[in-house]
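**Q** Here is what each chain is made of, one letter per residue.
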Amino acid sequence: MDTKEKLDAFQDRIDRGEKIEPKDWMPERYRQQLIRMISQHAHSEIVGMLPEGNWIPRAPSLKRKMVLLAKVQDEAGHGLYLYSATETLGARRQDVVEDYIYGNAKYSSIFNYPTLTYADICVIGWLVDGAAIVNQTMLAKSSYGPYARANLRICREESFHKKQGYEMLAKMASGTDEQKKMAQDAVNRWWWPTLMMFGPPDSDSPNSAELIKWGVKTKTNDELRQSYVDRMVMEAEVIDIKLPDPDLKYNKKTGHWEFGEIPWDEFWAVVKGNGPMNRERIKARKNAYEDGEWVREAAIAYARKQKLKEGKAS
Amino acid sequence: MNQNTEWPLWEVFYQPGNGKPFEHAGSVHAPDAEMALQNGRDTYARRNEGISMWVVPTDQITASAPEDAGPFFDPANDKAYRHPQFYSVPRAVKKRN
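Taken in order, these protein sequences are the chains called D and S. The opening position of the first sequence corresponds to residue 28 in the numbering used here, with each subsequent residue numbered one higher. The opening position of the second sequence corresponds to residue 1354 in the numbering used here, with each subsequent residue numbered one higher.
Don't read these hints as lab results, they were simulated from the structure. Please note that the accuracy of each hint is not assured.
[Said to hold, decoys possible] In silico contact screen, one side only, chain D against chain S (beta carbon under 8 Å); selected entries:
no.: 1; residue: 56
no.: 2; residue: 100
no.: 3; residue: 104
no.: 4; residue: 107
no.: 5; residue: 108
no.: 6; residue: 121
no.: 7; residue: 205
no.: 8; residue: 218
no.: 9; residue: 219
no.: 10; residue: 318
no.: 11; residue: 323
no.: 12; residue: 326
no.: 13; residue: 327
We put the CB at the ideal spot given by N, CA and C, even for glycine.
Use the sequences and the hints to build the structure in full.
**A** Next up, the structure:
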């Protein structure tokens, strides 16, 4: 039972900056919110493999192919760290995974956009992973121990992801006219969707206050978005890339870059399943899951047989 | 929903370097111990994080209960004589460098 006494004692622990561990008492709502949030994060890592995996067979060089393979493998790893964090909260892996393949669990909308050219791979590394780092650096301080530790591990790997993308984009942006155009076109298409990755504005984000109160998050969507914009304006300028926002302007008083209106209608349409790639992504995941079923069964049967053999030998 | 084809859960520990104690990395699903080791390596040691690895079926771990932490660890609380600071040494004896 979540009595007032227990809830207060829990809040005190959070306010003292203590980490909550799997077997500690926690409010049921804290547990449910964490399962929802961590599993969405996990699904996003796994879906995130699709737009990039799309370019592995067509990478422009062996070096870039090796880099992209390593990066996509990391995303699988990130998904697994996070799924195992949901299991520490009592969720069952298969339920969590099936809730997103057959149910309506959400994942980051950014992965419902297509990757049209190799410049998109550069930009995903720079902008999408850049935004993910801002978010995950904050989550590495989350009040739930296993989630904080998973994010710490993710952040260490994510900085390679961002750097390889930025390096490639810089090269492309200083290449031939055609390459420059490709680089700029990809940035134009990805800039606004990456701003949406931080979620709806604080005024329209029902879960934020509670997550901050419980120390699951330590910054609001708008705060995170602002630190992302400040950083990216600087990085774009250095490599001669223009961010597609005529309203970007520096505010000397606040020390921050102000930006234009984010197209939230588009955000909600994609969240509701009407982005350019929503159906395609779910279909790919469903096929992979169902085509792999016989492999999971065969491995279990093999393990059972081996055990029987061992039993007979001894 | 599909039938249950979920593999058992294993806890993964690795030794980060020669002479270092093992630490917990996370968990993986695997049908047997051998694949648990391989999955553990692919999931938690893609950058040489470990030089040696243990995998243990999760249901084989017995843990203390956090709500009993007080009474459980209490016996260690009042035994100051287990620490060197409890004892006095003649002033003339120099501290070791």
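**Q** The structure should be examined with respect to each hint, and the outcome stated for every one.
**A** A quick look at each hint next to the structure:
1. Contact between residue 56 of chain D and chain S, as hinted, is not supported at the beta carbon level, the nearest pair being about 19 Å apart and thus beyond 8 Å.
2. With a least beta-carbon distance of about 7 Å to chain S, the hint placing residue 100 of chain D at the interface is held under the 8 Å criterion.
3. Against a cut-off of 8 Å between C-beta atoms, the interface hint on residue 104 of chain D holds, since the closest Cβ of chain S lies about 5 Å away.
4. Restraint check, residue 107 of chain D versus chain S: the minimum CB separation of about 5 Å is within 8 Å; hint holds.
5. This hint holds: residue 108 of chain D has a C-beta 6 Å from the nearest C-beta of chain S, less than the 8 Å allowed.
6. At a threshold of 8 Å, the smallest CB-CB gap from residue 121 of chain D to chain S is about 4 Å, leaving the interface hint in force.
7. Because the beta carbon of residue 205 of chain D sits about 36 Å from the nearest beta carbon in chain S, more than 8 Å, this interface hint is broken.
8. Annotation: interface hint on residue 218 of chain D violated; nearest CB of chain S at approximately 31 Å, more than 8 Å.
9. With 8 Å as the threshold, the beta carbon of residue 219 of chain D stays out of range of chain S, its nearest partner Cβ sitting at about 33 Å, so the hint is violated.
10. For residue 318 of chain D, the interface hint is violated, since its Cβ never comes within 8 Å of a Cβ in chain S; the closest pair sits about 12 Å apart.
11. The interface hint given for residue 323 of chain D is met, as the beta carbon of that residue sits about 4 Å from the closest beta carbon of chain S, less than 8 Å.
12. With 8 Å as the threshold, the beta carbon of residue 326 of chain D comes within range of chain S, its nearest partner Cβ sitting at about 4 Å, so the hint holds.
13. The criterion of a C-beta within 8 Å of any C-beta in chain S is met by residue 327 of chain D, whose closest approach is roughly 5 Å, and the hint holds.
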